[in-house]
Amino acid sequence: MAFLKRYLIPRLVQYVMVIWLGITIVFLIPRLTPNDPVMSMIGQMRAHGSTLEPGAMDGIIHDLTEMYGLEGSWGEQYVAFWGRLFRGDFGVSFFNFPARVNQLIGTALPWTLGLLLISTAINWTIGNIIGGLAGYFSRKGWSRILDAIGMLIRPQPYYIFAFGLLMLFAGVVHWFPVTGGSSLGAQPAFTWAFTKDVVWHSFLPAFSMITLGAAVNFQTMKLIVQNVNSENFVQYAKLGGVTEDRIVVKYVIRNALLPQITGLALSLGQIFSGALITEIVFGYPGLGMLLYNAVLRADYNLIMGITMLSIVGITTAILIVDLTYPLFDPRVRYY
Amino acid sequence: MRVIRDLFRDYRFTFSFIVLLLILTMAVLSFFSPYDPTMWFVVPRDMKPSAEYLLGTDSNGQDIFWQATFAVRNSLIISLIAASVSRVIAVLVGMVAGYARGNPDRILMFISDGLLVIPLFLILVMLAMIIRKNMNLVVLGLMLSAFGWAWDARVIRSVILSLRERDFTKTAILSGTGTVELVLKEYMPYTTPLIFSTLINNISWAIGLEMTLALLGLVDVNIPTLGTILNWAITYQAMFLGRWNWVLTPVVLAVFMFIALYWLSVSISEYLDPRTRIQRVGV
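Heads up: the sequence lines are chains A and B, in that order.
According to this note's numbering, the first sequence is numbered sequentially starting from 1.
According to this note's numbering, the second sequence is numbered sequentially starting from 1.
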């Protein structure tokens, strides 16, 4: 019960509040800018040559006005805005006119989720294991070389790193396909051939995200391990004759992993943004590509749908990561 | 002088210093450019690098080298605005939260935690979509600064929280020092190096985000920045046509800038941390 009261309930309250803050920001953005957002969007759609029947245009103006929540007083608008979110109804997309935003997101989501989950799991594991070892053996040559590589990769933003890979694999060596999620005309199916095709196409985007993520995890883990290493209990274990393998795994890395779990939770939002950008660079058919098309065609409805869904999705993912924390740290369990 | 000499013993500091100096020189060179950066077809299109056109020319009929000097200058302007304005917000939020504690602290930290967690990129895209018409260097810088302070405010707050518990704080309060004076005179010196190192990281972050927003065409593509040059190169398929002089110019400049800024901040913060300083320079 104590756990529930001191850990779980405050955490759930925070979860709800963060979603509230995020959605409120999305609600406020079109209002705090000087331009009339509806007319600005219509103008951009015309400029991008969207062809619409006259009847559809009225519908869009109505839809946009409603989506921005510009009907009625601010209070009413705000309530209506939340209503849409709860019903999971983000209106229609403008660039594929009759298609619902939900449908489009539904098609794109599995690609992004797959890329995100697999690459995050791999980079977190690899980064922490190598970082932990490099931190423990920080005076060894290989540890210094890895550190130097990390120092070069770490500062690169997702876009530049992905673009660098794209240049290398499109212009110099042609080992992997540089664009798309599967071969043209391939039918999605649970067959070996299709799976192989997807993995083949996903290699570069995943590699890009894994390398960047692993570099960050490597460096933070190395630093934490170096600090844990100088703690008394590690010195004591060494003097007490505990084997080195056991010290590294059970004493040092186990303890250093705790802040890394919190770190993973805190950086999920950034990793997600990174995944969207990586998808755009490699033309990978997930949410990032959908966002790119939405921006090019000024499809604000779709962008809002993606944003609201991402806010809810990411805060939920962070909540889940946070709730696994007691599994790793027995001290939290018996609070 | 001694500080400078010690800093230069770190190869990373020396490297960053030289790279940033070269980049600043480029930015200054833009004032002597023979061309107007917004005009098209001032030189022959698609020329290879030569003595006359150092890095060749692009498909818009602009000289790539001189465009790059403007790009560096504009990218620096955006990122400096973004970084310095967000520093002001971060310092204010961090100090108020850390000093006042209690409810102001809870509210401010809730907002900054919220900003950390929300996918900022999407929020920035939404914002940029709406102010696209009025987008210029200053607006873009301010837009980035509104979202770039959250993490650093947290860091500054934690430093202030610990300073607040020190004896000298109590001595100062008991001897009648006002809150503002205490914060400015006593706490600022402690946090200045930290603020400086977060400033450098924030500059790098802003340059990266500008390039990313340019990828989506959400900035004014007629103002040369590192992002817009790359955007034009991609639009004209420069990479698949093998026009490396065009694509690589912004990419190489950006990569060197990111490395230099990161190494500068790492090197300075390692120097400021007495434990690592002893290991490194033995002073």
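Calculated from the structure, these hints are not laboratory results.
Please read all numbers here as calculations on a predicted model, not as lab measurements.
Glycine included, C-beta positions come from ideal geometry on N, C-alpha and C.
Fair warning: there could be bad hints in the mix.
Restraint ranges, calculated between C-beta atoms of paired labels, are given here [said to hold, decoys possible]:
(1) I77/B <-> I320/A: 39 to 45 angstroms
(2) S230/A <-> E52/B: 58 to 64 angstroms
(3) R106/B <-> Y236/A: 55 to 61 angstroms
(4) T38/B <-> F176/A: 57 to 63 angstroms
(5) R31/A <-> R106/B: 23 to 29 angstroms
(6) R101/B <-> Y236/A: 32 to 38 angstroms
(7) R2/B <-> T324/A: 47 to 53 angstroms
Using the C-beta atoms of R101/B and Y236/A, is the stated range 32 to 38 angstroms upheld? The hinted range 32 to 38 angstroms holds for R101/B and Y236/A, with Cβ atoms some 36 angstroms apart.
Cβ-Cβ distance between I77/B and I320/A: within 39 to 45 angstroms? At 42 angstroms between Cβs, range holds.
Confirm or reject the claim that S230/A and E52/B have a C-beta distance inside 58 to 64 angstroms. holds (60 angstroms)
Does the Cβ pair R2/B, T324/A satisfy 47 to 53 angstroms? Given range 47 to 53 angstroms: holds, Cβ gap about 49 angstroms.
Hint says 55 to 61 angstroms; check whether the CB-CB distance for R106/B and Y236/A agrees. Given range 55 to 61 angstroms: violated, Cβ gap about 39 angstroms.
Pairwise beta carbon distance, R31/A to R106/B, judged against the given window 23 to 29 angstroms: holds (27 angstroms)
Quick one: are T38/B and F176/A within 57 to 63 angstroms, going by C-beta? At 39 angstroms between Cβs, range violated.
Hint violations for this structure: numbers 3, 4, all remaining hints satisfied.
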